[in-house]
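Undergrad: If you're matching them up, the sequences are chains X and V in order. The numbering used here applies: residue 1 is where the first sequence begins, and numbers increase by one. The numbering used here applies: residue 1 is where the second sequence begins, and numbers increase by one.
Quick caveat, the hints were computed from the structure, so don't treat them as lab data. Remember, predicted model here, so these are calculated numbers, not experimental data. Glycine included, each C-beta is placed from N, C-alpha and C at the ideal position. A couple of the hints might just be wrong.
Claimed, not checked - Here are some, though not all, of the chain V residues that point toward chain X, as calculated from beta-carbon distances under 8 Å: (1) Leu60; (2) Val62; (3) Pro90; (4) Gly107; (5) Leu151; (6) Phe155; (7) Val223; (8) Val257.
Unchecked claim - Negatives, chain X to chain V, calculated, CB over 10 Å: (9) Leu29; (10) Phe119; (11) Met120; (12) Tyr122; (13) Arg124; (14) Ser136; (15) Ala272; (16) Ile315; (17) Leu319.
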Amino acid sequence: MKELLSLVNGPQTFGAGRTFWSIAGLLLLAALVFPFFASNYTVGNVAYFAVWIFMALGLSLIWGYGGMLSFGQTAFFGLAGYGYGVIAINFGQQSNLTLVALLLALVVAGLLALLIGYFMIYGRITGVFVGIVTLSLTLTLATFVNQTAGAEWRIGRARLNGYNGMTRIPPLSIPWVDGKLYFEGTAFYFLVLALLVLTYLGLRILVNSRFGNVLVAIRENPDRAELLGYDIRRYQLIAFVIGSTLAGLSGALYTAWGQFIAPASMALPAAAMPIIWVAVGGRKDLTATLIGTFLVLWLFQSLIVVSQQYALIFIGALLLVTILFTPGGYLVWLFEHWQRLVERRRERTAVTTAPAPVGSAAE
Amino acid sequence: MLQTISYLYQVADVFAFLVLAAAGLAIIFGMMGIINMAHGEFIAVGAYVTTYSYQAGAPLIVGMLLGAVVAGLFGVVIERTIVRRFYHRPIDSLVATWGISLMMTQGALLLFGSGAPGVGTPFGSVAFAGGSFSVYRLVLVVVAVLMLAGLYLVFMKTRFGVHARATMQNAAMARSLGVPVDRIYAATFGLGAALAGLAGGLYAPTMTLSPMIGSSFVIEAFVTVVAGGADVLVGTPPAAIALAVIKATATAFWGQVYGVMGLLVAVCLVVRILPEGFTGWMTRRRA
Numbered sequence: 001m002k003e004l005l006s007l008v009n010g011p012q013t014f015g016a017g018r019t020f021w022s023i024a025g026l027l028l029l030a031a032l033v034f035p036f037f038a039s040n041y042t043v044g045n046v047a048y049f050a051v052w053i054f055m056a057l058g059l060s061l062i063w064g065y066g067g068m069l070s071f072g073q074t075a076f077f078g079l080a081g082y083g084y085g086v087i088a089i090n091f092g093q094q095s096n097l098t099l100v101a102l103l104l105a106l107v108v109a110g111l112l113a114l115l116i117g118y119f120m121i122y123g124r125i126t127g128v129f130v131g132i133v134t135l136s137l138t139l140t141l142a143t144f145v146n147q148t149a150g151a152e153w154r155i156g157r158a159r160l161n162g163y164n165g166m167t168r169i170p171p172l173s174i175p176w177v178d179g180k181l182y183f184e185g186t187a188f189y190f191l192v193l194a195l196l197v198l199t200y201l202g203l204r205i206l207v208n209s210r211f212g213n214v215l216v217a218i219r220e221n222p223d224r225a226e227l228l229g230y231d232i233r234r235y236q237l238i239a240f241v242i243g244s245t246l247a248g249l250s251g252a253l254y255t256a257w258g259q260f261i262a263p264a265s266m267a268l269p270a271a272a273m274p275i276i277w278v279a280v281g282g283r284k285d286l287t288a289t290l291i292g293t294f295l296v297l298w299l300f301q302s303l304i305v306v307s308q309q310y311a312l313i314f315i316g317a318l319l320l321v322t323i324l325f326t327p328g329g330y331l332v333w334l335f336e337h338w339q340r341l342v343e344r345r346r347e348r349t350a351v352t353t354a355p356a357p358v359g360s361a362a363e
Numbered sequence: 001m002l003q004t005i006s007y008l009y010q011v012a013d014v015f016a017f018l019v020l021a022a023a024g025l026a027i028i029f030g031m032m033g034i035i036n037m038a039h040g041e042f043i044a045v046g047a048y049v050t051t052y053s054y055q056a057g058a059p060l061i062v063g064m065l066l067g068a069v070v071a072g073l074f075g076v077v078i079e080r081t082i083v084r085r086f087y088h089r090p091i092d093s094l095v096a097t098w099g100i101s102l103m104m105t106q107g108a109l110l111l112f113g114s115g116a117p118g119v120g121t122p123f124g125s126v127a128f129a130g131g132s133f134s135v136y137r138l139v140l141v142v143v144a145v146l147m148l149a150g151l152y153l154v155f156m157k158t159r160f161g162v163h164a165r166a167t168m169q170n171a172a173m174a175r176s177l178g179v180p181v182d183r184i185y186a187a188t189f190g191l192g193a194a195l196a197g198l199a200g201g202l203y204a205p206t207m208t209l210s211p212m213i214g215s216s217f218v219i220e221a222f223v224t225v226v227a228g229g230a231d232v233l234v235g236t237p238p239a240a241i242a243l244a245v246i247k248a249t250a251t252a253f254w255g256q257v258y259g260v261m262g263l264l265v266a267v268c269l270v271v272r273i274l275p276e277g278f279t280g281w282m283t284r285r286r287a
């Protein structure tokens with residue numbers, strides 16, 4: 001247990017103490033029992049929010065930890081979504097294994113990320129240019145799919161359907177004792193929850209490992225990291241591929257959830273959304289990204305019922321205000337203040353009682 | 001014969017579009033190292049002002065100039081209130097101008113709705129060597145070249161140009177020599193926004209007006225700036241020529257969408273071969 005904790009805890013993430021993990025455990029417990037008390041609609045809705053969080057966590061890795069601002073995560077989202085749709089429509093019925101379609105879709109998204117990432121990172125595109133190249137990528141893909149309305153645009157039995165999007169995509173399923181187990185409704189919710197826990201813990205291990213430390217060193221000062229002997233472009237490429245594959249996971253899950261995918265998911269303003277979720281919560285911390293994304297999505301959905309335009313204006317203003325006043329994100333700002341508060345209190349008790357315990361678990 | 005002429009016409013047409021779409025973005029990037037994500041929205045401002053003043057009875061050219069002026073003033077306001085806080089953190093400026101872009105597009109949707117009255121393309125077309133070519137598009141090519149010439153004069157022959165180039169090279173040194181750097185920044189941002197507005201006005205007669213009109217410019221503008229590099233005079237024209245040839249060729253062979261995809265592939269290759277884009281290439285050859 002202690003070794004496990006030392007893997008997920010480290011200098012690159014907030015929250016390491018008993019309090020943090022107790023709260024996290026309670027939240028997980030609440031998430032586990034919640035479907036038994038909530039309506040089907042609410043469960044589906046929460047699953048829908050959770051689907052996007054993978055893309056946000058991936059962007060946090062690329063942008064927050066790796067220092068590369070990618071505006072085009074929706075390209076991988078859309079590609080994996082369409083990939084899942086095409087494979088599931090063609091082979092899902094016979095093999096009963098649309099879960100394989102999901103995995104293949106991730107491979108497709110990962111390969112595109114490898115290709116684009118290679119040209120971008122080894123082409124020494126840095127700073128703001130990463131943003132423009134990736135944005136051009138997602139907008140180009142959206143433009144391309146938009147014009148595939150004709151009947152000649154089909155892959156096997158899957159019609160791309162252009163602007164209107166691909167429909168009638170089978171949901172996730174695996175063979176089961178009595179035929180097939182469909183991941184729909186509550187089952188889908190539990191699948192996404194399990195994947196989310198795995199992804200979150202996996203990324204925590206990754207960023208607190210040697211790899212993560214080097215990645216952060218590259219973010220802070222690429223030249224210095226390179227002079228210290230690290231192959232910085234390899235680290236950046238790996239981070240880019242992992243993060244983009246996570247965007248692909250969001251895309252494939254989203255397509256399986258709604259049994260539908262359209263090119264609008266790669267165009268503006270969809271491409272802006274991941275930036276907003278990650279920036280508002282705090283891009284440099286996985287926990288802040290996770291919670292922040294959930295909160296922003298929830299807020300956005302409550303607003304969009306009233307008016308789409310006002311909701312987007314509000315989100316734009318939220319982004320602007322965040323970047324102006326708390327560039328690191330609200331939750332990170334909050335975490336930092338909380339940490340300082342705890343430390344100050346500990347110092348005070350240390351002065352009044354015994355010598356400070358060395359190496360006690362930091363909060 | 002007709003094919004050759006029609007191909008050259010295509011190249012010139014794309015060249016004009018790339019130059020006009022990218023100039024404003026390139027100037028702002030070259031001076032302050034900031035990519036203005038609200039570039040498309042400044043284009044939309046120009047297009048809207050042009051269309052509405054034309055509808056109100058103003059001559060088209062007056063409408064276009066008015067569009068440029070309004071977009072420019074808008075740019076100065078945005079620079080003074082928001083963008084200037086981001087000069088020391090360029091990546092955040094990307095995100096901030098993105099927020100502005102989102103608010104402007106959706107605000108325009110609320111104000112004007114998604115449709116708008118159109119402006120007919122003036123001048124009609126000319127028949128030559130058995131083909132028919134739009135005169136207005138040829139005029140746009142001339143305007144693009146004139147604009148580049150005008151920018152050359154502004155940056156090389158005026159006091160503002162000298163100050164601007166000094167600031168571009170070394171802002172701290174320029175400031176200590178008495179150049180009003182803050183004002184240069186505001187003026188440059190305004191100039192970039194005005195050129196974006198001008199592009200919107202110039203292309204308003206050829207497109208359907210909507211708050212999203214800017215998004216039909218941004219890919220081309222971004223790609224041109226990435227390929228061109230930091231200097232609008234040295235980098236943008238050769239980048240626009242190269243990309244125009246690629247896009248016109250891909251469009252002629254496979255269609256419009258492949259033209260855009262060809263641009264993306266081309267820009268990936270350009271940056272892989274030429275770091276700092278055509279600006280780096282040109283300056284290295286000159287040195």
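Undergrad: For each hint, tell me whether it holds in the structure or not.
TA: Here is what the structure says about each hint:
no., hint, in the structure
1, Leu60, "29 Å, violated"
2, Val62, "31 Å, violated"
3, Pro90, "5 Å, holds"
4, Gly107, "6 Å, holds"
5, Leu151, "21 Å, violated"
6, Phe155, "22 Å, violated"
7, Val223, "6 Å, holds"
8, Val257, "5 Å, holds"
9, Leu29, "36 Å, holds"
10, Phe119, "4 Å, violated"
11, Met120, "7 Å, violated"
12, Tyr122, "7 Å, violated"
13, Arg124, "5 Å, violated"
14, Ser136, "5 Å, violated"
15, Ala272, "6 Å, violated"
16, Ile315, "7 Å, violated"
17, Leu319, "4 Å, violated"
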